[in-house]
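Could you slot chain W onto chain B? The hints should help.
Just so you know, the sequences run in chain order B and W.
Our numbering numbers the first residue of the first sequence as 1 and each following residue consecutively.
Our numbering numbers the first residue of the second sequence as 368 and each following residue consecutively.
The hints are simulated quantities; they were obtained by calculation from the structure and are not laboratory data.
It cannot be assumed that every hint is accurate.
Straight-line distance between alpha carbons at most 16 Å, and here's what the computed EDC-like set of lysine to aspartate or glutamate pairs gives [to be verified]: (1) B/LYS74 / B/GLU53; (2) B/LYS333 / B/GLU301; (3) W/LYS549 / B/GLU53; (4) B/LYS238 / B/GLU346; (5) B/LYS325 / B/GLU304; (6) B/LYS182 / B/ASP202; (7) B/LYS132 / W/ASP545; (8) B/LYS74 / W/GLU550; (9) B/LYS153 / B/GLU301.
On the chain W side, residues computed to face chain B include the following (Cβ under 7 Å) [claimed, not checked]: (10) VAL481; (11) GLU547; (12) GLN548; (13) GLU550; (14) ALA551; (15) GLN553; (16) ASP555; (17) GLY556; (18) ALA557; (19) PRO569.
Remember, predicted model here, so these are calculated numbers, not experimental data.
Glycine included, C-beta positions come from ideal geometry on N, C-alpha and C.
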Amino acid sequence: MAYLNITELQKHYDNYHALRGINLKIQEGEFIVFVGPSGCGKSTLLRTIAGLESSTGGSIDLDGRDITELASSKRDLAMVFQSYALYPHMTVADNLSFALRLAKEDDAVIKEKVSSVSASLQLDKLLERKPKELSGGQRQRVAIGRAIVRQPKVFLFDEPLSNLDAALRVQMRLELARLHKKLGTTMIYVTHDQVEAMTLADRVVILNAGQIEQVGTPLELYRSPNSRFVAEFIGTPKMNLIKLDGLTREGDMLQLKLMDTLIDFPVARVHGPLPSNATIGIRPEHLTIVSDSGDLTGRVELIEHLGSEAYTHIRLANDQTIIVKAPARTEIKDGEMIQIRVDRDELILFNESDRVFSVVPEEANHE
Amino acid sequence: MKRSITRLLMAPSVILLLVWMVVPLSMTIYFSSINYNLLYPGRNNFVGWMNFEFFVTDPGFWIAISNTLTLLLSVLIITVVLGVALSALIDKPFAGRNVVRVLLISPFFIMPTVNALIWKNMMMNPVYGIFAWISNSLGLEPIDWLSNYPLVSVIIMVSWQWLPFAILVFVTALQSQDTEQKEAAQMDGATGWHIFRYLTIPHLARPIAVVVMIETIFLLAVFAEIYVSTGGGPGYDSTNLAYLIYNQALLQYDVGVASAGGLFAVLLANIVAFFLIRAVGKNLTV
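Isolated chain B (complex conformation):
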């Protein structure tokens, strides 16, 4: 039995079907990240779990208790909002203790809890300040502190870092990861930033148009996506997708025709019916620039030097542009004709309805 169990969750708005049957099991202590493009339903899902939106079907169980119809304050959840939603007319101390005071807890207990939380978040010197006298990062910490004070069963985060500048965002991301290690509480985190998803999550839930596209650890999603949507969504720069010019079976090998080249692909790595044609997906780091006998040829259009590596944009013979990751001090120049080798093990095949019908071998473990 999972800790948080979401079954067939539906959410209809007047003329919009926001959640189309969400099924998800979350274990205690997991850090789950909902990620997806805007309008995919990730925030709606979070708000429905929080009880800020009512569901129109399905159920939510938390720790063996059905909370689908419960008021949000009775669900044992705490939420950190995108705008932090601090109470502007209260001091930091009052913000932190608001829920406890409403629950009529003992003054001494409240004081004790507030001081321990404020100490752990380095807020103890700010307790008498109002939210408008705090910096963005400090407000963020107060918002998190306000959630921690209640000792909820699950923390919900609604894009909490999107209002911070880039440097602070990286720092807060680390603090959140540390916090999760320390508290060990279940956390659900919504973001549209796939880097946040990859770095924070135990498991990532990718949503698309109100449905779960795929659930898995960050590395599973990265290496073996099960649809074109996931493949393109995860990873920067994006996975290269090239439409094949033909697909034939020769014994226990598939022959993938890619312009002038034939690439062999073992049939053992394919499941489901064989489509008549397919698209291959290959990440920039699984393409290598070679001096001869490459699989693809193309002309270098642009090189982006990132210091640690360089992304080479290459125009192929069929006029498509792909990105190849090259070493930092590459000798390649703009306009040069080059050859590219494809790493067979990391090749992914998509059928015509954009689903993956190949598997990545387990042992493909490159040193």
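Using the frame of chain B, we list chain W on its own:
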């Protein structure tokens, strides 16, 4: 060089505004110090403080001051309390909300004279007014509002006139309240009342200060409603300072005493403004 040109270009408007203010004020001061009765022209000799003495010792003077302040405070309390309550009530979406909002705001478009006439003839009239009809249909004696409760009647009319202004300001202010804050409070276990008490009221502190200040300016000078409905009476029961001045100037033709009264009104407005700004002005400085 550049500075003097700007000053030169600003001069006409500044001078015009100055003249606009200084001429009436100095004429009022001048009239208040001479014997100036329209019934006895040509005898405009200097009389010193006599006009002030007359005005202050007028039997209606202290009644008018107390009526002015009663009217001001009652209308302020009614419009702010009811205004906050009604705005909070219509803040949540419901069917026909826009119509309700327009209806709530529309009394503000009605001019004070018409407002007073409507209340006097259609609502409060003891024979065919709506209040009389309600009393009659309940088997009660109809109340003659304007003769028995003249000041209360004026307070009702003026409140009706100014409630829409308060609602307009508060509704706009409520729309700028952060919904995530309310949701956060909801998750913290706050009831609707808690949210109203701890989030909405503090959020409205500044709009309330604005409403109180602006209404004060206009409420100190209420005239049309009194003139049209009660005529300041019976006796001095619904006479305020503005009406007393009018009474001196145009019913007793004594411009000198009326001018002295006008200066008292300026004084009273400044005293009230002083206390008001001390009381609510701190909400404005953020």
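Less than 7 Å between beta-carbons is the criterion; does W/PRO569 satisfy it with respect to chain B? holds, 4 Å
Would the hint linking B/LYS153 and B/GLU301 be met if the CA-CA limit is 16 Å? violated, 53 Å
Does the structure keep B/LYS333 and B/GLU301 at a Cα separation of 16 Å or less? Given pair B/LYS333, B/GLU301 holds - Cα atoms ~9 Å apart, limit 16 Å.
Is B/LYS325 within 16 Å of B/GLU304, Cα to Cα? With Cα atoms ~10 Å apart, B/LYS325 and B/GLU304 stay inside 16 Å; holds.
Going by Cβ atoms only, is W/ASP555 closer than 7 Å to chain B? holds, 4 Å
Please verify whether B/LYS74 and B/GLU53 have alpha carbons no more than 16 Å apart. Measuring from Cα to Cα gives roughly 14 Å; hence the hint holds.
Chain B contact restraint on W/ALA551 - CB to CB distance below 7 Å: At 4 Å from the nearest chain B Cβ, W/ALA551 passes the 7 Å test, so the hint holds.
Hold the hint about W/VAL481 up to the distance rule: shortest CB distance to chain B must be less than 7 Å. Violated. Min distance 41 Å.
Tell me if the interface restraint on W/GLU550 is satisfied: Cβ within less than 7 Å of some Cβ in chain B. This hint holds: W/GLU550 lies near chain B, its Cβ roughly 5 Å from the closest one there, short of 7 Å.
Quickly compare the C-alpha distance for W/LYS549 and B/GLU53 to 16 Å and report which way the hint goes. Given that 16 Å is the threshold and the Cα spacing comes to 13 Å, the pair holds.
If you draw a straight line from the CA of B/LYS182 to the CA of B/ASP202, is it 16 Å or shorter? OK: B/LYS182 and B/ASP202 at ~15 Å, within 16 Å.
If you take the shortest Cβ to Cβ gap from W/GLU547 to chain B, is it below 7 Å? Holds: closest Cβ of chain B sits about 4 Å from W/GLU547, inside 7 Å.
In this structure, the hints that do not hold are numbers 9, 10, in rising order.
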